[in-house]
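Q: Chains as they are written, first to last, in numbering that gives the first Met the number 0: chain A, 0 to 882; chain B, 0 to 882.
Keep in mind that the hints are not guaranteed to be accurate.
Which copy is meant is left open, so a pair is good if it fits within one copy or across any two.
Taking lysine-lysine pairs in the BS3-like style, the calculated list, with each CA pair at most 27 Å apart, reads [to be verified]:
(1) 200 <-> 122
(2) 730 <-> 593
(3) 801 <-> 163
(4) 589 <-> 635
Quick caveat, the hints were computed from the structure, so don't treat them as lab data.
Next come the chains, spelled out residue by residue.
Protein chains: 2
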Amino acid sequence: MSKKYVYLFSEGDASMKNLLGGKGANLAEMTLLGIPVPQGFTVTTEACTQYYVDGKMISADITKEIETKMAELEAIAGKQFGSAENPFLVSVRSGARASMPGMMDTVLNLGLTDVVVEGLVKKTGNPRFAYDSYRRFIQMFSDVVMDVEKHRFEKLIDVMKEEKGVQFDTDLTADDLKELIVRYKKMFKEVKGFDFPQDPKIQLIESIEAVFRSWDNPRAIYYRRMNDIPSSWGTAVNVQAMVFGNMGDTSGTGVAFTRNPSTGENKLYGEYLMNAQGEDVVAGIRTPLPMSELQIQNPAIYNEFMEYSNKLQDHYKDMQDMEFTIEDGKLYMLQTRNGKRTAAAALKIAVDLVAEGMITKEDAILKVDPKQLDALLHPTFVAKALKDAKIVAKGLPASPGAACGKVYFSAVDAAAAEAKGEKVILVRLETSPEDIEGMAAAQGILTARGGMTSHAAVVARGMGTCCVAGCGDIKVMEHDGYFTTKDGLKFSEGDYISLDGSTGNVYGAKVDTEEAQLTGDFAQFMAWADEIRTLKVRANADTPHDAEVAQKFGAEGIGLCRTEHMFFDEDRLPSVREMIVAKTEEQRRKALAKLLPMQRADFEGLFKAMSGFPVTIRLLDPPLHEFLPHSDEDIKALATEMGLSFEELKETVESLQEFNPMMGHRGCRLAVSYPEIAEMQAQAIIEAAINVNKAGMSVVPEIMIPLVGEVVELKYVKNIVVTTANAVIEKAGVTLDYKVGTMIEIPRAAVTADAIATEAEFFSFGTNDLTQMTYGFSRDDAGKFLNDYYDKKIFESDPFAKLDQVGVGALIKLAVKLGKQARPDIKLGICGEHGGDPSSVEFCHHAGLNYVSCSPFRVPIARLAAAQARVSEIRGVENLGQK
Amino acid sequence: MSKKYVYLFSEGDASMKNLLGGKGANLAEMTLLGIPVPQGFTVTTEACTQYYVDGKMISADITKEIETKMAELEAIAGKQFGSAENPFLVSVRSGARASMPGMMDTVLNLGLTDVVVEGLVKKTGNPRFAYDSYRRFIQMFSDVVMDVEKHRFEKLIDVMKEEKGVQFDTDLTADDLKELIVRYKKMFKEVKGFDFPQDPKIQLIESIEAVFRSWDNPRAIYYRRMNDIPSSWGTAVNVQAMVFGNMGDTSGTGVAFTRNPSTGENKLYGEYLMNAQGEDVVAGIRTPLPMSELQIQNPAIYNEFMEYSNKLQDHYKDMQDMEFTIEDGKLYMLQTRNGKRTAAAALKIAVDLVAEGMITKEDAILKVDPKQLDALLHPTFVAKALKDAKIVAKGLPASPGAACGKVYFSAVDAAAAEAKGEKVILVRLETSPEDIEGMAAAQGILTARGGMTSHAAVVARGMGTCCVAGCGDIKVMEHDGYFTTKDGLKFSEGDYISLDGSTGNVYGAKVDTEEAQLTGDFAQFMAWADEIRTLKVRANADTPHDAEVAQKFGAEGIGLCRTEHMFFDEDRLPSVREMIVAKTEEQRRKALAKLLPMQRADFEGLFKAMSGFPVTIRLLDPPLHEFLPHSDEDIKALATEMGLSFEELKETVESLQEFNPMMGHRGCRLAVSYPEIAEMQAQAIIEAAINVNKAGMSVVPEIMIPLVGEVVELKYVKNIVVTTANAVIEKAGVTLDYKVGTMIEIPRAAVTADAIATEAEFFSFGTNDLTQMTYGFSRDDAGKFLNDYYDKKIFESDPFAKLDQVGVGALIKLAVKLGKQARPDIKLGICGEHGGDPSSVEFCHHAGLNYVSCSPFRVPIARLAAAQARVSEIRGVENLGQK
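Chain A extracted, bound-state conformation (with noise of 0.2 Å):
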C-alpha cells in the first residue's frame, strides 16, 4: 500500500497539522465550517521528507498524485488549467507544522502562459488586470523558482516608468505591461538560456520544488535553531485556487487579527485594500483602511466577515490571524491561523478567554509561550526614544532588556561612578570572575569576546542584567579608555551608549527605558500556572539581592548558591589569595578563620532573605588559580601587597596552571586535598543556620558537593562535612537538621548513582558541566566550531541552552533509576542554565526530578513551563503542539 501525498482541502482537517502543515490543516477546518475557502490541495510534508530522502527530487509517484489532484480540483472549479477559454490559476503556498512567517517561498497566479493571458484578458474583459497578473507571475516565479534575481526586473519596470513617464507601478496602462511583459520574458532567456516555461504543468510542479528546497534555505535554518523547530518535520505545500483582490473597485483583500496582538484588547484588529493583491497591502505603497471602514463602506461583506472571524476564534479557541479576499463583491477565507501576539497581549487573552468561559485555566496555560514571559521581566526602551537611536554595532544578544549609561572600561570604575549615583554600561574585552563588583553596578554590560555561554552572557543572565556579548564591531581599548565602532566612531569613558540585550544592538547614544510593568494578568496567570505545576522552581542566587529578586518572581528557594561568588569580593579576596599561597595547613586554617565570619554573614543573609524556603549551598568549586592574577604585572603588584617576592607567588601561580582547566583540580577534588577549606565552609552554613533559627526561623541548609565521580570521593568530602557539622551543633547544644547531598555532573556519577546515593540525600544535576562532559567538549572551546555543525545541520540547537535529551536526557533518567532504587526518598533538582529554558524543564517534569534551579529572571518562564508540562502530561500528549 502505497503512502498517500496529496489531500484535497475537503479531505483534511484541523487535526491533521503534522501532515497537513497550519496552513493547510486550517484550510481544510475552514473548509470542513462550510467557510468559503478557494478550493485547492495540500502536498504534504512526508512529502517534503521524500524530496529530501530521495536527493532533491519528486518521485514519479508524487508528481502524478499531484495531477490527478490538479485535475479533481479543476472539476470542482470548472476551470481548466492552461486553458485560454476557461483559464484556471492557482497560488502555491509553503505551510509547515509551525508557523515560518515570510521564511519560505510562495508563487501567486501560477498557471498563466503566453496563451492563457489573452484568454484572461477575455474571458475578465481587464487587460491591465490579466497582464498586470501576468508579469507578476514571471517576476515571482523566475526569482523563487529559477534564481533569477528580483532586481533585474525591478530595473525593467524602472525604465519603462521613465519611458512613460509616470511614478507608480499602477500608472502603467495594459499596453505598457504587454511590452514589459516582452521585456521580461527577453531577460529571462539571456539569464537563462532558455525561453520561460509555457506549460502550467511544468510551472506547477517546480514551484513546488521551490517551496521544498526553501524549507533549507538559510534564513528558514536560522529560524528553525531559534525556535526549536526539527529540520526533519519538512513543509507542506497548498496549491490553492486563485482569487483575485485586484480586478476593481468591488474587489479586495485584507489581513484582521480577531484581537488586537499588540494588547490583547478584544476587538476586531485589521486593515484592508481595494483593488488590490495581498503583496500590495505589505508593500506599503498605498495606505490600507482599518477595518472599522469596512463596516461603512460594505456592511454585507463586514457583517459576513464578521461572523467566519467570530466563528473562526470560537471553534478554535484562540485569537485568529485571518487573510481574505473580496473578488468581484464576493468574501473568500485564505487562511486562519492563532494570531502571533506580544507577551502582554497573550496574557491578556489568554486571562480574557477563561474570564469569557471560552477555555479553561488549563487551555489558557498552554497558550503562552514561556520563552515570551521574558520580555515582560526586563527594562525596555521607550518606543519613541528608540526612533531616532542608531545603531553603531552589533553583537549576540546575550542577557535580554535594555539598558543605558555611561561607558565605563574597569570594574573597579564603573563601581565608582555607579557609587556617586551615574548609570553605568560597562564595556571589557571580557570579563572575568574578578569584575563580578563591576558587573553589578552596570546597567549593562558590552564585551568584544566571548560567546552566549562565556562569563559576561552566564553572570549577566544570572543577574537579570543585560548583556551583549562577542561584538566583534567594536574594538576595545581597556587602558587607554575607549573604544570604536567599524565605521570609525569612538566612545571614550563617559560617553553615554545603550545596549539592547534582546536583540544584540548597541545604540552610540543615550535612549530612554522604562521599568518592566507585570499587569495584574501576570499575576493571575501565574497564580493559575502554580497551581497546576507539581514541579518546584528554585533559583540559582549567591546573595541575599539576588535571593530577594528570586522570591519576588516566585522562586520557591535556591536550588544553588555558589559560593565562590562570594570569595571574589573585595574584602574577601585578601583572605582567598593568602589562604591559596599558604604552604602548610596551619598557614591556610590561619587564612580560612578570617573567612569564616563573612561566610556565616552570607549565609545568614541568604537564609534570612529566602524566609524558610530551602537553600542548596555547594562547596568551593572553581580552581584555585582563578583567584590569582595571571599576568606578571599583577603578579609583581599583588606580590608587593602581599609581602611576598615575585619569584615565589609567580611559582605558585604556575604551580596551578593547568592544561584542562574544566577537567583539572576543582569542586570536591579540592576539599580531598584541603579538607580544611570545606571544615570552614561547613562550619559557616552550620553556624548561619544556628543563628537565624535561633532568630525564630527554622532552616533546614542542604550542603552540596560538587564535582564528584565515585562515591568514596563523596564520601570523604561528606564526613569533613558531618563531623564538622555536628560537632558545631553540639556546642551550640541546639538540635539542626541539615542534608548533604551531591552534583550529578560527572558521567561516572550519573552512571554509579546507586552508589553515590548510598551517601547522598540529595542529587542537583549540574547539567552545564554534565552537557560538557557528555560531548566532550566545553563551553568556551566550542564556540569555534558549533557554528559549522548548525551550518552543516549536525545539530539543531545549542545543547548549553536546551539539554541534549537524547544524550544528557539518558544519563540524567539513569541516575534518577539508580538513584531511587537505592534510596527512595532522595530528593532531585536540576541547577545548570536548562533548568530555565521551557523544554528542559518539561523534560525534568517527566524526568521525575522534584525541582529545577535557574536564574532569578528565569523563575516565571520555568514556572509556566512547569505548568505545561503538567497540563501536557494530564492530557496524555508529550508534545504540547504549540509550535
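Based on these hints, arrange chain B on the given structure of chain A.
A: Only chain B this time, still in chain A's reference frame:
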C-alpha cells in the same frame, strides 16, 4: 548466628585462602597433609575488616573467641601461656589473601615476661637463649606494637657492646643480655610513660591489633596499589606456637624453593643456618649454607625435608617456597607458598610442569603473571656491569627496559648523533610531539617533568623505548647543554648515562646492556596462549617499523594507526603548517595535495608490513595548534621560513588557542570544519590499498572516525569518506572492500551507541579519552590531585592504567549492548592504553569485544591475559585467584 572469626589450623584448608589468608590456609593444608607444623590458629580477614568497621577496635566477641582458641592451643601444645613452669610462646604473623612480602608486621617470641623468661631459663637450661629471646621480643613488640623506634634499642645494644668491648651481638653473654633487658625496659618506660606489658594476653591482643593496623601502613597501601590488591580484603593473623632454631647446634632454620626461582631449573634451591632464628638468615651477619650441605651434615633431616618438599610441590602443582625450623633435631615446616620467580623461571616452570604431566596447558597459562612478560621483552643491564654503577638520580619508571648512551638535549641533536652511529639518551625538561624523531632515535629518554602518562611516557611505551620521566632530582638546562643532579653532579652533552626504565634509576656512567632473549619456552608458552584465547590482539602502530615489531610480538593487525604522528615528520610539517595557516579552502587543498603522496606511501608501508592483517587507520585527531610553535621566538622563525609576517602567524596561533584543548576543536570536529582534510586522508588510504592489492595483497582498510558524540556528526564525516573512497575506486576501475567505523571515546557516543551503530561498521573504544570524560578529569591535570586520592584511599589504582570497570566499564557494556542491538555483526575493539593491561584485557574478553589493541611491546602481555580470561571463563571463575 554469629560469625566465626578464629580457626585452628586443623579447622581450615587451602581452599579457605580468602578467609584465612594465604599463609593461614597453607598452614591448615599442611596440617591436613600430616606435615609437622607448629600448631596455631588464624584470626580471619573478616575479623580485620570488622576491626576497621568498628573504628579500629577489636570487638569483645572477637577477643573472647581468640582467648578460647588460645586455650585450645595450650591444650594441644601441653603448655601454658604466661606460665613460668611450662611456658608457651607464640609468633604473631600477618597473612593476606595475596602475598605482600615484608609489607606488614610480625611479632616473635610472644608470651615472654620477666617471670616467664626465668621459667624458660630453667626449662631449657639455656639462659643466653632465653634472655636473647626476651630482649628480641621486647625490641620487636615495642617497635611493631608500641611505636617505639627501633634505633633507640640499637643504640642501647651499641652502648652495651662498647662497654663490653665486643663486636657482634652474639658475643654478648647471658648476663649482658639480662642487663640489656633492664635497660630496654627502662627506656621503654621513659618513652611511653608506662611499664612494658607483663600480661601475655594483653601482648597477644595488642599484637593482633598491630598486624591489623599494619594493613593500612603507607608501604602496604603503596604495594597494594602497585599490585591491584583491594584494601577491602584485609589481612588474617596467624598465631602459632614458637619453635626455636636458636636452641643450639641441633637446631637451625632455613628457606628453600622446590625449583630455582631465578632460572626455573628443576632442582631444590635454598639455604639454612644452624643455631639461628629466621631473622638471622635474612640479616646476613652469618653466611647461610646451601641445602646440599644439609644433605651431607644431616641426611635424615634433609631426606625428611625432601619428602615434604616433593609432597607439597605435587600437592600444589607448583613450585613451592618453604620456611622450616629444626628445633633440637626435629624438623618443623613453618610456611609454604607458591614461590615468587623471575619471568624466565615462570615460563620454564610452567612449560616443565606440563611436560612432567603435573598440570595441563590451561593450568600453565594461569601460572604466569602477564605483567611479568614485560621483563623479557626489553633490554636489561649486564648484571656484572651494573654492580659498580652509581645511581645519581631517580625518576618515575615510565617505560621499561635498560638503556645506555650519550646525553643530548634536543631532538635534532639526538637524531643527528644517532645518524652518526652513536647511542643516544635524549634528556629534556619534557617532550612534545615535535620531538618524535629524536625520541625514536634515542636508546632511552629522560625527562625532568611529567608523570606516568606524560607525552614522553606514553610515546616511549608505544615505541618500546626505555624512559625515566618526571625526574625531579635533576635540573635540565636544555639550551646550555647540561643537566645537574641534586648532589651537584653535572652531565654535559656527550657524557654517558644509563637509564633503568623499570625502576626509574639513572646511573651516571656507561652500563652495558644486553638484548632480550626470547627463549624456546616463551614461544611454546605463547603458542598455548594463542591456542586457548578467543580475543584477538592487535597493536597500536603508526609506522611500518612499529608494525613489524608488533608482528614479531604476535599482533594480529593494527587496531590504531594515529595518522597525526606522520604529520610531525620533518618533511611533512611544513605542508601541515601551510594547511593550517591557509585562509581559504583552495589554499588548504593545495597544501593537502602535497601531503597526499606522503600519506599514501605511509599507508602502503603499513599495509605491506602487516601482510594482510587488518589495519585500522584513524583520521587526524589532535587540535591543529599542536602543529604550530607557541613561543614568540619560534613563531618569528617559522614566520620567516613560511614567508608570513610575525603578526599574521601569531594571530593564527592565538586564534587556535583553547581553554581546554582536550575538549576543543579536534577529532571528527576537524573534519566537520575542514572536510578536505578527511577527503585527502580517505583518498590516500584507498589509493594505498588499491596499490598494494594490485601487488597481490587483499587489504580491507578500516577507516576510523575519532571523537564522535552524535550519529549525525558521524554520518556527515562518513559521507565525506565514502564519497571520496568510492570515487577513487571507480576511477581505478577496481573493486575494494573497506570499512568505516568510529571510536567510542565520548560518553555520549556510548549512551547513543545504538544510533551510532547504524552508521559505524565497527567500534573501537578509546578508553584513554573515555576515562577522562567519564571521570571529568584530564590525564595531564589529574597528577596534581591523584596522589591525594591514593593517600586518602579514595582511589586504589590509576584509572588510566587499569580500566575503571565500574564506571567506564558500565559505559562500555552499555555501548556493546546498544551497538549489537543495532548491528549484530558489529566489530568491537579497544585501543586505549588499557588494551595492554591484564585486568582490563580480561574485562574486554568478558564484555564481548572482538579484539584489544595495545602498544607493540605489550602484545604478548595482552595475548596471555586474553588466554587467562578465556580459561577462567571456561572454568566459570571470574577472578583468577592468582594473587
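Q: With reference to the structure, classify each hint as holding or not holding.
A: Hint check results:
no.: 1; hint: 200 <-> 122; result: within (21 Å within a copy, 124 Å between copies)
no.: 2; hint: 730 <-> 593; result: within (20 Å within a copy, 76 Å between copies)
no.: 3; hint: 801 <-> 163; result: neither (57 Å within a copy, 87 Å between copies)
no.: 4; hint: 589 <-> 635; result: within (24 Å within a copy, 48 Å between copies)
Violation of the numbered hints given earlier is confined to hint 3; every other hint is satisfied by the structure.
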